[in-house]
Every structure is written in structure tokens, then in C-alpha cells.
Amino acid sequence: MKKIVTALLLILVLALPACAPAAAPPASPPAAEPAAEPAAGDQPDRKIVVSSKAHTEQYLLGEILALVIENNTVYQVERKIGLNPASDIIHTALLNGEIDLYPEYTGTGWLNILGQEPLADSAVMNERLQEEYGKLGLWWSDLYGFNNTYALTMRREQAEAEGFTQVSDLVGHPELIFGANPDYMERADGYPGLAAAYGLNFAKTFEVDIALKYAALDQEECDVINGFSTDAQLHLPQYAILADDLEYFTAYYAATVCRLAALEEFPELAGALALLDGAISEDEMIGMNYAVEVDQRDYEDVAREFLAGKGLI
Amino acid sequence: MLDLAREVWRLYTVRTDFFLSLLGQHLYLSAVSIAIAFFLGGAVGVACARNQAVKAVSMAVVNFLYTIPSIAFFGVLIAFTGIGDTTAIIVLSAYALLPMVRNTCTGISNIDPDVMEAAAGMGTPPLALLWRIQLPLALPMILTGLRNMSVMVVATAGIAAFVGAGGLGVAIWRGITTYNLAMAVAGSLLIAFLALSIDFLLGIWEKKFTQRWSS
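Quick mapping for you: the protein sequence lines, in order, are chains A and B.
For the first sequence, my numbering gives the first residue as 474, with consecutive numbering after it.
For the second sequence, my numbering gives the first residue as -8, with consecutive numbering after it.
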């Protein structure tokens, strides 16, 4: 009997001290906003929850959103940055109101989350996107400015040896192995659509996590990967991008997706988000990704410096 | 290699608070999941040892839970329990049930029937039979289950980061997804350290109990 009691106690001993640190984070400094801003009047008693998916660009954009809100409104921000990269998980969290906003790409919203057919005209797609999201109680901000679409990428050495410069050059080369993240193999504008549009007939495909694509390419596990046009690695000399000569790829402009209810609850929020309209060019995004992935800098610092340089914080 | 070690060390010293808070979250998630699995799994294990039908159904269920890939498990649960601690704890405890149920059940079933008969023959009431004979005799087996299960939970808790529950997985995923090897290694090492420490501590307890019984 004693032994059982001691065993149970052991569990409690394990569990108790651990409860303390976990309970700590929600208890933020209570006296954060003094009465310095009487104009703010009814300040909500909860924080704005900013989220992002788990890859470099999203960590950066999530931090940028958090900083812009913290520095341009009276509200406090809770960061839930780096969620599972599967878009439906973060979208579900948004619908459930567990997060208030996160950065998303127009193409991902249209094709992946809404499950619509690809639309060639990106202006039409954006308009319909806003309409459909409105029905879900969600809202798209204006675009940040850069388009992070697909860029089929090869080892430069191999591309030059075989004379590949555009995607249609790959037709009739079944010996090449195509590598991509698992959801690309499934999605409407992913591998099946790409293969059909160009008439590609690779004998083998290779599924690998987004972050490991370039490693797989380096190690010759595959020969062609679906790079993203803002990937830092694409600036490295060992890779060659194949031109999308049939203009097949959907546009993936980045913007903020936010709950309409949150915009009402936090009246200053929309104004702060508008600061990012057209604020990030493709080169600037690549530069930030490069600073994190190649120069190994902390994304928080890179995001802060970028915003400070733009005078946004 | 040496550069990597140096960089990992730099991360620990420069970002001590970051890693300590992740360690705290990791311990919390693991401890709660272990406690739930211990009590729930123990209770189911006892029921399994008493009734073959219960055993057949329970083992099928916990085996099934154990085989669900974590990503799929999270994906489904998120629709119901949302992102955060709850989802992570449900998934971690569900995985931990199997070793707990199996060891408790086996531990009790393996008790010499003569011992049980003697105790029952002396007029021991059923509940006392469980508390004073069966559980103490099965304890070494149960503790082995607890030990295996705890190490597994601590290791698996690395994926909790994907559903916003925090823990050391945050450092690992951040490292992998931003091509920062040192960050991923720093998180992994702490998880390994935590798992080994728990294994070591529980091992001491386990030994204590088994020694006391054999002497």
C-alpha cells in the first residue's frame, strides 16, 4: 500500500513544479498601459493573437505583424508563431477564434483553403477571395507587395549540362526525379496540374518537407524541386531557376488574413495593418529570408530592423 | 562539428530565458500527460486483468490510438479541441496509454494464482485483494511501464509545437524550418537530457521497489 502511495506521490512531484512555469505566461505585467492614452477609451482586456506558419518567411511576417500592431496601437499582442505549416490547421484556429490574424498567400487561400479551381487572372481571384472569406467572417488586407509563387529549380550544374532553361525543356525527360512538399503533390495547382499543363512525365517523384527541399536537391535525391520565388537559397549560385514559359503558376501574393470580429473589437487594428500595404517588395522579402537562413540571424531582429528602416515602428 | 557545439552553447547562454521557458512548457505538457496516462492506463489495465472481454476491447482501442500518426491525430483533434495545450495533452496521453495498460494488465495477470487463492481463502475482500496483493506484486511491472511511457512522452512532446502548445519542439521546428541547425540541435539536446533524467530518476525508484520486494 505504501508503495502505491509513494508511486502516486512521485507523479504529483513530477507534475506540480511544472505547473508553475506554464501558468506564468498568461499573467503578463498588469500595469502595462497606464492612463497615458485617455483617447483609447475602451481598451479590450484581451490581447490580439498573431499567428503564422512554421517556415522562415512566415516567422518573419508573423513577427512583422506583431511589431506593427504593438508599436502603432494601444493593444497588446500574443504571439502564436510557427504553427504546423499545413494551411488548414491555422485556418481552423482562425475560424475558431483562437487566433486573430496571420499572414497568408492569395493562391493558398483560393486553391488550398477554399478548394477552388485555379484562376489565371489574379485580380479576379483576389476579389472573389475577399468575397468568399467574407462569408466565413474573415477579411483579407491589401497585399504586402511581393508574390511568392513557385519556381522550378535545379542544380545549376545539371541544368547547364543538359541545356534546361525553361519548364518545357523538361518534357520528354522521364529520368528526372521531381521533389516537392507533400501537399504540393496533392493541391489543385500542384504537381498533377503542372504535369498536365506542360506534359511532364517524370517516372519518379520524391516527397520531402519544405525546409529540406534544397538539401534533397544537393544530395541528388531529386533533380527538380518546386522552389518558392522568395526562397533565400535561390540567390545562391549553385541553383538555376527554370522559367515558367507557359505562365502556369498561380499568383501567391502575401497579405494578412484577419477575423472581422477582431477588427470590430480592436478599432485601431485595421489602421495598423494598412501600414503594410505595398510595404514589402520581392527583393526585400528575399533579403530578409536570406538574413535568417543563410546569415543565421534571429528572425525577430531581422523583422525589427526592416520595420525600423521603413519607419513603421 | 566543433563550431556547431560552440554555436549551441552560445544559444544556451545568450537565450537562456527562451530555452528555460520552453523547458518549463515541455515539462508541464509531459507531466500532465504522464499523470493522465498513469491513472487512466492503470485503471484500464486493472480492468483488463479481471475481464477478458474488457481486455480484448481495451487493447484494441489503445493499440489503435498508438498507431495513429501524430500529424493526423493533431489534424483531426484541432477541429474539436483547437490549438494549444489541450490538444497536445490529449494526443500525448493517448499514445502513452498502451505501455501503461499493457504493463499493468500483464503485471497483475502474471501473479501466481496460488497467492491469489491463498489470500482469497483467508477471506480478503476484493478491494483489499487489489490494493494489498495485486497492485503491490505488479508494481515492478507497472513502474517499468511508467518509466518507458514517461521517456516516450517527453520525446514525443516535441511535436506539440506544431499545434501551438509550445515546449522544446518550438526550438527544433524553428531550427529546421529556418535552416538553423544549431537551434534544432539545442532543442533536441534538451529533450534528450530531460528524457534521460526522467529515465534515471524513475530507474532509481523502480530499483528501490524491486529490491524491497525481493529481500
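One thing to keep in mind: the hints can contain errors.
As the list claims (entries may be wrong) - What the simulated footprint calls covered on chain A by chain B, stretch by stretch (three residues with Cβ under 8 Å from a Cβ of chain B suffice, anywhere in the stretch; the number is not a length):
1) 545 to 556
2) 562 to 572
3) 619 to 633
4) 766 to 772
Claimed, not checked - Quick list of simulated restraints, FRET-style, between CB atoms:
5) A:Asp656 / B:Val106: 25 to 35 Å
6) B:Ala51 / A:Gly588: 31 to 41 Å
7) A:Gln692 / B:Thr7: 32 to 42 Å
8) B:Leu11 / A:Gly760: 30 to 40 Å
9) A:Arg601 / B:Ala38: 53 to 63 Å
10) A:Ala781 / B:Arg(-3): 42 to 52 Å
11) A:Gln639 / B:Leu(-7): 35 to 45 Å
12) A:Glu694 / B:Ala51: 30 to 40 Å
13) A:Val644 / B:Arg(-3): 30 to 40 Å
14) B:Ile62 / A:Asn569: 18 to 28 Å
15) B:Arg6 / A:Glu680: 29 to 39 Å
16) B:Phe184 / A:Asn544: 30 to 40 Å
17) B:Leu31 / A:Ala593: 53 to 63 Å
In short, the hints are calculated from the structure, not lab data.
Treat the numbers as computed from the prediction; the structure is a model and nothing was measured.
Yeah, the Cβ is synthetic: ideal placement off N, Cα and C, and Gly gets one too.
Outcome of range test on Cβ distance (B:Ile62, A:Asn569; 18 to 28 Å): 19 Å, holds
Claimed coverage, the stretch 766 to 772 of chain A by chain B - three or more beta carbons nearer than 8 Å: It holds: at least three residues are needed, and the stretch 766 to 772 of chain A offers 4 whose Cβ sits within less than 8 Å of chain B.
Cβ separation of A:Asp656 and B:Val106, checked against the hinted range 25 to 35 Å: Once the Cβ atoms are compared, 57 Å apart, the range 25 to 35 Å for B:Val106 and A:Asp656 is violated.
Claimed coverage, the stretch 562 to 572 of chain A by chain B - three or more beta carbons nearer than 8 Å: holds (count 6)
Assessment of proposed distance window 30 to 40 Å (beta carbons of B:Leu11, A:Gly760): 32 Å, holds
Consistency of beta-carbon spacing, B:Leu(-7) to A:Gln639, with hint 35 to 45 Å: 44 Å, holds
Distance restraint hint 32 to 42 Å, applied to the beta-carbon atoms of A:Gln692 and B:Thr7: 35 Å, holds
CB-CB spacing for A:Ala593 and B:Leu31 relative to the 53 to 63 Å hint: Holds, at about 54 Å.
Consistency of beta-carbon spacing, B:Ala51 to A:Glu694, with hint 30 to 40 Å: 38 Å, holds
Whether the CB-CB distance between B:Arg6 and A:Glu680 falls inside 29 to 39 Å: With a Cβ separation near 33 Å, B:Arg6 and A:Glu680 satisfy 29 to 39 Å, so the hint holds.
CB-CB spacing for B:Ala38 and A:Arg601 relative to the 53 to 63 Å hint: Given about 55 Å between the Cβ atoms, the range holds.
Whether the CB-CB distance between B:Ala51 and A:Gly588 falls inside 31 to 41 Å: Because 35 Å falls inside the window, the suggested range holds.
When held up to the earlier numbered hints, the structure conflicts with 3, 5, 10 and 13 and fits the remainder.
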